[in-house]
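Note that the protein sequences, when read in sequence, are chains B and C. Under this note's numbering, the residues of the first sequence are numbered 1 to 462, in order. Under this note's numbering, the residues of the second sequence are numbered 1001 to 1284, in order.
These are computed hints drawn from the structure, not numbers from a lab. The beta-carbon is built from N, C-alpha and C at its ideal position, and this holds for glycine as well. Don't take every hint at face value.
What the hints assert, rightly or not - Only some residues are given here: those of chain C computed to face chain B with a beta carbon under 8 Å:
id	residue
1	V1085
2	C1229
3	G1230
4	A1231
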Amino acid sequence: MAGRIPRVPVREQDPQIRARNFKEVCLGYTDEEAMLEARRCLNCKRPACMTACPVSVKIPFFIQAVAKGDFADAARIISIDSSLPAICGRVCPQECQCEGSCVMGVKGEPVAIGKLERFVADWSRENNVAFNATAPSNGKRVAVIGSGPSGLACASDLAKMGYDVTIFEALHKAGGVLTYGIPEFRLPKDTVVAAEIESVKRLGVKIETNVVVGRTLTIDDMFDREGFHAVFVGSGAGLPKFMDIPGENLNGVVSANEFLTRNNLMKAYKEGARTPIYVGNKVCVVGGGNVAMDAARTALRLGAQVTVVYRRTEKELPARAEEVHHAKEEGIEFMMLTNPVEIVGDEKGWVTALKCEKMELGEPDASGRRSPVAVADSHFNVEADVVIMALGTSPNPLIAQTTPGLERSRKGGLVATEEGATTREGVFAGGDAVTGAATVILAMGAGRKAAAAIDEYLKNKK
Amino acid sequence: MYRIVRKEVLSPVITLMEVEAPRLARAAQPGQFLIVRADEEGERIPLTICDYNREKGTVTIVTQAIGASSKEICALQEGECFTDVVGPLGQPSEFVNLPDEELRKMSFVFIAGGLGTAPVYPQAKYFHEKGAKVDVILGAKSADLVILEKEMEAVCDNLYICTDDGSKGFKGLVTAKLEELMAQGKGYTQAVAIGPMIMMKFVTLTAGKFNLPLVVSLNTLMVDGTGMCGACRVTVGGKVRFACVEGPEFNAYEVDFDEAMRRQAMYRGKEMEEDHKCKIGRGR
């Protein structure tokens, strides 16, 4: 029976209209749509979707509850494993995790697990259904560095176990990449991000903003002065990469981090916000990940004509399929197999063009992706007055540099075990700070594992 | 909260504020800076740390009302609070790592331009207290823009004030004064210049004539101030560096000042628009 129902499409803002506003693209399922979509789940005995989920949400169980119309129970089931479902339902790469493993996807379309998770999370928020059960306080204090996905996940698990948790955030607002990086039209800040952070606070977690660990406080201070018994480092991968090509310091060249931070954290798109943003008329975004899509679609909404330049083909684009699809619908142009070699400027030092070369795909590299090779004598200019570099980020070295005994790997991430233990006793780490830039859900998974490891460590410590 | 415990108007456009920020005050070192936001809509504005009092848990900042955001900061009153104050940011002056006996052998000349007097103060004070020789050349457009004169006098051996119009002290630029002092054979071992980018550029040219080692503190554009955005990119020694985490102080002879000045002006046209206008859908 389930097989006969086609995947229920989710309502979205019209591409022409949404290209001019910052409201959320996806409008989500209604109760009826969600129940209908939930009925497509085969409730497999050995659910591959659950195995593929980095935080092991009990997917078929919550979907069965949705199918019955018991949305509160669905929310309860999700809350056991995920503290940020409204966020994961929106930004997880479902096509290579839960939905990518769904049996329904073998012959047709997988169950819309992400959209159902989002539906349940939104429903529970709108209906004030919360699950705040925490164990009695055990008197142990844990400091969490960074209020992004890994820090929030780690903090909420520890709070549920009875720990006294304080999150230290370097910026003036909590949320990490959820706040400064991912734009409003993909992840609404007030209704979704702030609400999920509030729900973490309801567990008793304290959040202190404006604390740059390594500067305002060191990890040694946390143990010696501030009385913490363990520390989790979830400081993310904040340092933007550049290409190291001529012209990169011209006016008009910005990192995607800068562009998105000005827009999302500092609200430059809003009337009344003081922080300026320079958008120009023709924007080139270099890169093919989610951040590149976010920057491109933000520039579009601010009024520019936008081209994404990527050195491989569409098949290799690391962005979520949905983001690429949305970007195209909205009118973003894609130039594939194109590699910038220089940024050209005018006599006043402002960008005028991106000089590129054509690429072709060669042999697969270590990551299994075919590496692009330059085509001889294929240079050409793409007109641009703003160039946004979205080439990825690497971990900030500040904490490692200011913490004796905390080792970094050659790639810059903190050295940590699978469970999150670092080379310094009592200090755990997870998320992008360890792996380098990855996804929200992997960071959450790492935060949860570290929470379990911290619990184990503090229980056994005399 | 970050309460303003003392406000002092130093000149019609320059305001000094002592602000409660205990953790920051405990960690601050000469050469570092901080970031403030006046209110919820405010920009993140980097300011140099003019002084810190670890016992009281306060830091002192000096702001010149130029743009919309700095005017907002200056308009805050004693007893009111900043929405955000974060720091200390950046690297401390490299000389704080020197052992005291090394410092005692040093003869510093600080060249402070305008508001740059504020960040020079904690450095002059620190090195003076450690027993180094400290001279300060303090430049301003006119007498009413000379700030922290008394404070500075107390923490240096010689204070030379220069004004463009001659309304106070030496009439002329700080570079002329520096040239004069060098010609007198002052025998400085280290110069530190902090002020407008253009002043630092010309101090670099002057100091170069005497092979005088020189450090400058770059007041670049910044958003987060923690290395996340790269707005503060400067070319130093042919390499791209982030002033917020690797600076703000660099070897003056390696800095590409022309590029730094150009980059500093990137949003200037925008700031001149009277109000920030919504740009959504522009050009469609």
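A quick look at each hint next to the structure:
1. Hint status for V1085(C): holds, given a least beta-carbon distance of 7 Å to chain B, under 8 Å.
2. Interface hint at C1229(C): satisfied, since its Cβ lies 4 Å from the closest Cβ of chain B, which is below the 8 Å cut-off.
3. Interface restraint check: G1230(C) against chain B, minimum CB-CB distance 4 Å, threshold 8 Å, status holds.
4. Taking 8 Å as the C-beta cut-off, the interface hint given for A1231(C) holds, the closest approach to chain B being about 5 Å.
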